[in-house]
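Q: Spelled out, the chains give:
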Amino acid sequence: MIKRLLIILTLTAIAFGFYPLAWGVEDARQLSPLAAGYVENSVEELGTSNVVTAIVVSYRGLDTLGEVTVLFAAAAGVTLLMTSGNPERRKKRAASRGKDGKDGKDGKDGSEGGSDKARRQGSELLAAGAAFLFPIIWLFGIYIFIHGHLTPGGGFQGGVVIASAVLLIIFADCRQELGHTVLQLAEALSGAAYVGVGLLGLWMAAGFLDPRFLAAGEFGELFSAGAIPIIYSLIGIKVGAELTGIVDSLRRCS
Amino acid sequence: MVSPMYLIAVLLGAAFLHPLFERAGRSLAKSVVLLVLVFIAVLPVSWLADLTWRGMVPVVFQTAGFQAPVSISLRVGVEEAVFLIMINAAALFGGIYLMLRKSPKWEGKVQVLFLTMLLGVNGLVLTRDLFNMFVFLEISSISLYALLAFTRSSDAYEAGFKYMVAGGIASALFLIGVIYLYRFTGTLNLDVMIAAGGGPGGKAGLTALFLLAAAVLIELKPFPANGWGADAYQAADPGISAMLSAVSATGIFFVFYKITPLLGAEILRMAAISGGITFAFSQLLAMKQVSVRRMLGYSSIGQIGLLTAVAALAPMLTPAFSQAAGGSSLPGGLVAGSGFLGGGVFPLLVLLAGNHLFSKAGLFWMSGITGSVDTGGLPERASLRRSPAAAGLQGLLTAALAGFPPFPAFWAKWLLIMMLVSTGSYFLSAVILLGSLIEAWYLFRWFLNCVKKPQDSGNVHDEEIPDDFAAMEMDQEMSQELRPDLKSGGVPVSGWGFITLFAPLMHGLILAAAGTVLAFMFFAGTPGFALLLPLAALALFTLLDSVRVPFKLQVFLGIAVTAAYGLMLLPGLVGIRLVFGLIFIAGSAVQMVPLVNRKGRHPGLMGMLTALVFSLGNLLFFRTSLEFFFSWELMTVTSFFLVSRGNKASGAALRYLVFSLGGAFMILAGLALSSSGMNGGITAVLMGLGFLVKMGALGLHIWLPGSYAETDDDLSTFFSSVLSKAGLFMLFMTAGLLAQASFASVLGWIGVLTAFAGAFLALFKEDIKYTLAYSSMGQVGYMLLSFALMSQLGWMNSLYLAVTHLLFKGMMFAAIAGVIYRTKTRMMYQMGGLISRMPISFFTVLIGIIALSGVPPLVGFGAKWMLYTALIEKGWYLQAGIAMFASGVAFLYLFRLIHVIFLGQLKDEHREVKEAPLWFLVPQFVGIIGIMLFSMFPDIILKPLQTAVAPFFSGDIFWEGYTVISTLGYWNGNVVMYVTMGVFLVPLAWLLTVQRRHTQKVGQFNIVYAAERPYRPETTHFGYNFFSPYRKALGFLLQPAAARFWYWVGSIAEVAGASIRKLYSGNVQTYSLWIVLYVSIFLLLLQGGV
Amino acid sequence: MMTQIVLLIGFLLSLTGLWGLMTRRDLFRMIISFSLLDTGVHMIMVGIGYVKNGTAPIFDEALAPAGAVEKVVDPIPSALVLTAIVIGLAVTALMLSYAVRVYTARKSLSVEAVKELRW
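Protein chains in written order, with this note's numbering: chain B, 1 to 254; chain H, 1 to 1090; chain V, 1 to 119.
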């Protein structure tokens, strides 16, 4: 009880401390000079319609590269955590878990143990719908990331949409095998290509991750804004592959 | 300059493509990772080369082809280069360490995460954009979260979850802070913000800044919001813990350093307070730990806290530095040192951070290699002692972390305390010194537990009377069962080759090299760099050990280099320094001789011993206080390692270390106070206490008996006859400070009471080495008393005692070492009648006890004569009375010594013992000759001593031939000798001839003679509890009051540690509460304008 | 006014998240609380970027590049929040994996199951 009281007191104290931040800031009347600079110059400098994309991919491209890395590290971490290191031990553990699984307590973690009390398979409706929707969702995802410089959205959003299609498939059939080689290749190559594009910027344009080593093209067209659509496409592929990997690692079919 | 973008590109490229490499072949993937690690370690070195030798200015690299603040920029300056060199070097060796391990496996995802973690930390150091900092922080944190799972233990999962919760809260605060800073300043770029005059003002601005700072501070694990950090250190694989401590924590600390110009005085003050508290409390917490890695983790947390405090105090300390660089009254070495790397607080931070990074990572790896899980030590099959290389390495890393010379932390400690004291931060200085003392305590306790021998219980501070055999066996079983830790953990020694130890070895070499370079920098201008000779000797003998040069050869070499050292340096000395020079150098050279008798290999022994002798020698010609302190600490650490070699010495060695270091810290504080212009009382007290600790004065003596006695028998003599005089020498050197009447009389009282206590305690010891140890303590008490007289006769007597004590105590220790060597026991009651088997040793001891006890005709008589004369001249009658009484007591234990060992009946098991080996006899002959010479012709020694003290006192005594005349009488050594010999020889002849037929042989176990109930058969011997009547009468004086006092001091620290531990309930929600509480308290204080 | 409302909601959400983090006993609920905290912070970021009567900074038929400075909200916080969201997602995914692992190791999802390491 004392602890509860202490928590309340602490939260009150920190709320009190936050108060000047929460209430002391009025609506801004105008952009900060830096933001105004982005809005004014991005079209001319980079040829993107979406100023946020210009910032995300180019001006603050290092953040985005880092962001991709964060996701990459998290995916690696999830894989590391969810798969046991030693395949033999894994088999042994799976076998023992199959036995334990009978009492129903441990079903949650028995990916390989073929228990009788299997979770209900996705309904036929879901399976058929997923098969039908899958290519459409993918198409939509791809559309989102290749148009990232023109419309709202971009590589991350597109990637998430793509991964959600895979999630849908897994809902329909938990044991659906994914093409691990393809996933791995897509993830590795798109990432390396991103870094490569960054280096091209360093060698052929003004700096690391400078997308202007390709011509800016005509404003508002799909193939414009230098390398930004390429970068966003690579990000889209990478994010899609990574999130798919996370979903894959986290699934527990019983 | 090579663009840092390549660093990012290479790390990321390798990480992204890693799965493909791994498909092509595991070894290919490993090689690629290794190459990348080498690349990122070398790149910053090239930057530093550009920035220093090629004279480039720091470069800000832009990204995306736009200038900051429009884009994100990375800065490469000296600061970034230096920190990245350190971080990436540790990462390289960390990678190699993990690669060489068999389990858990260094596999695909782990390598990937290792690379991304490094990317994050490198980015953190380089970036100048606040939000980008957040991104890199998250990269490194997420990689580390995941790496925690490396060991796949349930503890690791638990620690990982807690770590993530704490990190998540910190991230949220960071984001809120950053976004508001953007709102208030219109930029995210650090340089722009700093150029605009630091952070935004106003309550909201201050709050935003604080949230940013608080997030970074939480990542640095401040007390009490750091339980999750300790958990992570404990549960992770040692290789990962090392990276957590060395790479991640150092990188995040650099972020804090980077944002300090933004923070403003109020926030910095809070950070400094938080850092100081963290340092102090972490040390208390570490002390109580059972898990090695948790202990090391708390130590890391504390060190990072210290770094934080120093970085936060930079605005305050910088003026002090520039003043020092400008050449004020501060010692010369300081001026030379503070100029390096551009001055300011930064070099200090580099020293502290680098020292911690390399030594801590090395220790984490050592714990992994040796399998040391438990601070209680290792099982016998895995004991570090079996691998001298591993033991030496762990000793080196521990000494580095504890801040012994020549390692970087030593210089940092010196600079820091000097600076803090000169700016009046006495409290913080005291906290830092106390914390460092505690840290040294628990680190060395772990070290000793790892190297101690199986028969060593770890808490031997006083003699142990052996039980009979049955009891012994049961005892051992008992202790085995009571110490389950001895069974847990531990990797059998077999595979600890060069390869296994590679990573920590590299760190050890880096630390040693850095320390040596620093010594050159600080002592620039010292002729011949003689101060570094101890290190050179240590390196030389380590080399000889590694190529397996036979030990006997090493001893001869050691004697030779000591002699060469003496011949080179002694002629340059005069007066008191020359007297002590002879004691330190010539005395040591002679006493090295018995070591020749040793068999087998003794790695490290001669190295430490010569280093000890050289650092003692270097004390003689110090000119600046830094030179003195360097040699003093070097002497402490080398002698500690010598003590720790003893069979049961671990407990004694630990006491020795803690007391010596405590004394050294008092001296350091005294030096700092006096160099900051503060004179008089407090300085004198601090420094005097420091020296008295080394001398083993009463109350500060409890380390002394154990370390003198438990050291190997042939090494004890160094401690007693040579080392104990280092403190006396320094008293002479600082006499000006101590000369005030009140101090002198206090010193006098301490001296006389030490003399009495030493003699009295020696009286009741069964263990011959303890008898001699306490006897040494008493003798040093006389020296102190004579010194305190502050008169010509007093000082002469003090020096005279120092020289003669070297002779007779040295030869007695040598003789006793020979006896122990032959009889295999240290208990006097287990000996007896050895006069017939070891006549030379008997003769040595006879001469020794006559000389020591102060009866005519030998040197001791002269000493007593001078002492009483001087005491009476001074009017110290009471002290004279006690000194006289103490002499009587001394006579009793000396009588027992010779009687029980050499007279009486020979024991059955000693029928066949031979005289001690020749090598033991050499120092005995030297001693006997010296004593005879000085006894017959006192003027040989007294006249030079008179000259030595002439610059200080003159005029009270005169010479007439061999006769020395004082105001109260005269002493003619010749006449005394002849008279006494006559008085002695006539009755002896009568005894041997006329009285011989009246003697009655007494049975060996004739208990009537002892008048004691025989409750333990093996002690039913007249020599056991020899002076039981005195014990019954005066035993109350034996109450170990001093020991109890120090035990109480130790208990306070332990209790404090134990009660603080309660904060760490293990519940992640409580930890979250501490974090939020930490933030809210400081936030409200800040807003309240404190 | 708009900014203040969003900020207030953001801070309330964050505090709710903190509250949940400190009081919910179930690890998954703690993770949900953590997501709440994160979302609150993201709202704060978005709120900071609001400019009175501004629209999204994307040029199309309705918004010509010329003179757009007067009409759009600040694009920088939008860009930052995008990054922050992805990072939050990554952390949440990893936390969930840890929770799963704790469950398999200790057979419990209670916070009481994760206090083996202490002192």
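Certain hints may be false.
[Said to hold, decoys possible] If the Cβ cut is set under 10 Å, some of the chain V residues that face chain B in the computed set are: (1) Phe-11; (2) Leu-15; (3) Ile-32; (4) Leu-36; (5) Ala-56; (6) Leu-80; (7) Leu-82; (8) Leu-89; (9) Ser-110; (10) Ala-113.
Bear in mind the hints are in silico, worked out from the structure with no lab data behind them.
If you're wondering where the values come from, they're calculated on a predicted model, not measured in any experiment.
We put the beta carbon where it would ideally sit given N, CA and C, even for glycine.
Q: In ascending order, which of the hints set out earlier in this document are inconsistent with the structure?
A: The structure conflicts with hints 3, 4, 9, 10, although it agrees with all the remaining ones.
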